[in-house]
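Undergrad: My request is simple: use the sequences and hints to build the entire structure.
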Amino acid sequence: MAGTALSMLCLVLACLSLPGLAEGQEKPRILLLPVVVHSAESPGYLRRGLSDMMMARFQQAGQFDLIEIEDPAMATTSLDEAVEAGRNAGADFVLFGSFTRFGEGASLDMHAATTSSSGEEGELREIFVHSGQIGEVIPDLDDLVGKVARFAIEDFSPGPDAS
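Read in order, the letters of the sequence shown are residues 1 to 163 in the numbering used here.
Keep in mind that a hint or two might mislead.
[Said to hold, decoys possible] Computed beta-carbon distance windows for the label pairs:
#1 GLN59 with ASP80: 17 to 23 Å
#2 ILE153 with LEU79: 16 to 22 Å
#3 PRO72 with SER107: 17 to 23 Å
#4 PRO139 with ARG87: 28 to 34 Å
#5 ARG87 with ARG150: 21 to 27 Å
#6 GLY62 with ALA40: 32 to 38 Å
#7 SER78 with ASP52: 20 to 26 Å
Rather than coming from a laboratory, the hints here were simulated on the basis of the structure. Even glycine gets a Cβ: it sits at the ideal position worked out from N, Cα and C.
TA: Shown next as C-alpha cells:
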C-alpha cells in the first residue's frame, strides 16, 4: 500500500512539474476590435450587438484569452492599424472587419491576423460570412469562431516572454 501511495505522489508531482499542466496550457490572446458597420440603420446598435455575440461565442469556445475593445473609434478594416492595436494590447492575434447591411441581406467580412513581429509580419486570414438574410448571420458566428481557432491555434506558439 505504501508503494502505491508513493507511486501516486510521484505521478502527481511529475504532472505538476510539466510546463503548462499545473496552470493549464497557455491560450493564444486575441484582440476583438469593434466591427466597422455600413448600414443606415443604427450602426452603433449593430456594432455593439455583433461584438457581444462574437465575444459570447469566443467565451463559449474557451480556446482564447480574450481582449475586447469597445471604443467604436478603434473599428478598422486596415491591417496595419489592427496589428498595431493588437500589439499595443499584448495580443497574439487580432480579429477585425466590417459588417454591411443591404436591404434584408447582410455581409460579415472579418480578418484574423498575427501580431508577431517575427516571421510573416501581420499574417492575414480572411474570414467571409455572407448571408441572404440578416438573421442568418448570427448562426454563422459559430463558424467564424471555428475558422479563427483553426488559424490561430495551429499557428500559436507562446513567445519567450509568455508568462
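Undergrad: Among all the numbered hints in the text so far, which are the ones the structure does not match?
TA: 1
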